[in-house]
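Add chain B to chain A, keeping to what the hints say.
2 protein chains.
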Amino acid sequence: MRIHIIGTGLLGASLGLALSAQKYQVSLEDTSPTAQQLAADLGAGTIFADGGNDCNGGSGSEGGNGGDPQIVVIATPPDVAAQTIATALETYPDATVTDVASVKTSLLESVRELVGRSELDRYIGCHPMAGREKSGAIAARSDLFTARPWVICSDENTPHNRLGEVVTMAEATGASVIHLDPRIHDAAVAKVSHVPQVVASLVASQLRHAPLEEVALAGQGLRDVTRIAASDPRLWTQILAGNSEEVRSVLLDLRTELDEVITALEMGPGATGALAKAIALGNEGYDRIPGKHGQAPTKYAVVTILIPDTPGTLATLFKDIGDLNINVEDFRMDHAPDQKLGIVDVSVVPATQQELETGLLSKGWQIPESAIEKEGIA
Amino acid sequence: MRIHIIGTGLLGASLGLALSAQKYQVSLEDTSPTAQQLAADLGAGTIFADGGNDCNGGSGSEGGNGGDPQIVVIATPPDVAAQTIATALETYPDATVTDVASVKTSLLESVRELVGRSELDRYIGCHPMAGREKSGAIAARSDLFTARPWVICSDENTPHNRLGEVVTMAEATGASVIHLDPRIHDAAVAKVSHVPQVVASLVASQLRHAPLEEVALAGQGLRDVTRIAASDPRLWTQILAGNSEEVRSVLLDLRTELDEVITALEMGPGATGALAKAIALGNEGYDRIPGKHGQAPTKYAVVTILIPDTPGTLATLFKDIGDLNINVEDFRMDHAPDQKLGIVDVSVVPATQQELETGLLSKGWQIPESAIEKEGIA
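Here the protein sequences come in this chain order: A and B.
Take the first sequence: its position 178, counting from 1, is numbered 178 in the UniProt record's numbering, and each next residue is one higher.
Take the second sequence: its position 111, counting from 1, is numbered 111 in the UniProt record's numbering, and each next residue is one higher.
Just so you know, these hints were derived from the structure itself, not from any lab.
Here the structure is a predicted model, which is why all the values come from computation and not from measurement.
One or more hints might be untrue.
Restricting the straight-line Cα-Cα distance to at most 25 Å, the calculated cross-link-like pairs of lysine-lysine (PhoX-like) are [to be verified]:
no., chain 1, residue 1, chain 2, residue 2
1, B, K363, B, K319
2, A, K363, A, K319
3, B, K319, A, K363
4, B, K319, A, K319
5, B, K363, A, K319
To be clear about the criterion: a stretch of chain B counts as covered by chain A if any three or more of its residues have a C-beta under 8 Å from a C-beta of chain A, and this derived list gives those stretches [unchecked claim]:
no., region
6, 193-205
7, 223-236
For every residue, glycine included, the Cβ atom is placed at its ideal position computed from N, Cα and C.
Extracted from the complex, chain A is given alone in its bound form (with noise of 0.2 Å):
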């Protein structure tokens, strides 16, 4: 199959590396020469030439005659998306038009004030739901799409042999694939993604002006809630306008329960209701979350294993841990404040906790002397 990407930055470029693992023919194309050759040398396809005749040098032509690609994926900046988009229908005639934003009931509307109703059923709006810290072809990885949530918003008007080719495409890139409308989506990633992003942020922005001797107190809880704090202000920014309307109203919610905690926080003891209440909604939401690999929630029992934080010891856990033919379902390791000193939290199914645990002490290693269950955290 025959792809065209227009934009090679981190997710272009990807793609390209992706597809062109496997046996693809990519062309890319970027308004910057610079991205568009680093892309190519990366090896992410050939560099587009004008008329879509930019046949493939590398192993042979056979069955691509350097005609127009089957399909345009378009992963330019979101801000320039819904005219590239417009512009590739009318380019490309008889190709499916895709994309990778990651915002899409907005993106539609505006293609569709571009388009006509026929060029309209080419394109097909996906958002593969992979990224990483880095942005640019630099950080391109072939593996970016690997086991990450695709999805392609597709309608009854879209005809099934283009889905089939998109969704043959995301697929190629071992990206899982789910259909969704796409308002559906966007109040999705609002709540998954958008809104803890901004949460994330507020956070650790609490944190500017804390004296050294107050952040030293900072555990394992706080580096979690504030991870994707260290996130691009660039891209995010986009994205929270791109998706303003659904983010708006989940942070709308969200700040009618923090004033009920500010205020009960304020009435004194009569009012602890209310702060048992907040935590405890919280509670019901995380439980929603799923598991490994989409499945319900899974209660794991942690063994907690200290180890000094030395090289070889984790190899010589996980080497003790193979031994005994334990799957391990999650791990964590927190590291002391001022000690040379490592927890390891090892989930594994309930089932297999006491040999484990007995394993390892059998071999010497450091563990609780009682096997406790807690909630694993999937």
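For chain B alone, coordinates are given in the frame of chain A:
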């Protein structure tokens, strides 16, 4: 040293286990005879017989003479801690009295109202920053305090010998002692613990009514932000109520910034500067969180490896890393939505990145072809 522990829940029983393991003479007391017996049965100490003559039946009576304890540790729920501390100061006129409550200023005020000046000098407030999702003696473990910060609040009136005793006891549990003013402690935990808890709960709460197809898009970012949303409402209600002023103050600052984001989202394209600012301020605060072992944040190189989710694979991976004699600074595992594949991010010091990648590739592991450093998650 003789230690008397009042309150045998998770913290009291864990402290008893830790100190007993270090050959301290520990006696236990709880208003619940069942809880008291359970802690004793688990090995946390001997049950307190009235009058202090609860002679330890263990390894002889060398040193100890069955008299009053040197330190009394109050480990009751926060709402009865002040009265219990005051009673203990009266009951044991020579002992140093300490506690483990997670809020210090309001507790000190309450104790001050209940006891005289000279008695107050025998009280030294503490906050060992350790806990679990589970509560009660049944969840106790001797390593609960290992490698965790143990905050001690003393002032210029605190006798040096008493302070020294408390430090010695804290360090005997494996904890790292930090000396802080109570107000600074409370301001710190508001920012690094209490506010992150509130906000994680609020984010999770927004998922309560999200359809399954929406929560199916949940990724590692959401899981990180909401992990502590699984915490116990009863415990957190007491903690938040006890530190209401500091928590409220930080939440008000956070709400001001939240309102700016909400306003910017409402205003549309012209107001994206406010969105960029919110994310950038988050970057700034994030950079203040210390890394491992209380050091400044370190930039690690992250190597990502794809592994099949089968028993032993992780063991083989860490064995192979161990064979290269490279120390793993941190690791993180992510899962595919519906595939049997795991993505492992291994953080190492940048100088060893190339060696690690070359070594793992030569053993057949699947890693990205381009070696790019990204910000380490310390």
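Hint by hint, here is what the structure shows:
1. K363(B) / K319(B): Roughly 11 Å between the alpha carbons, so the hint for K363(B) and K319(B) holds.
2. K363(A) / K319(A): holds (11 Å)
3. K319(B) / K363(A): holds (16 Å)
4. K319(B) / K319(A): It holds: about 6 Å lies between the C-alpha atoms, which stays within 25 Å.
5. K363(B) / K319(A): Holds. K363(B) to K319(A) sits at ~16 Å (cutoff 25 Å).
6. 193-205: Result for this restraint: holds, n = 12.
7. 223-236: With 13 residues closer than 8 Å to chain A, the region 223-236 of chain B meets the three-residue bar; holds.
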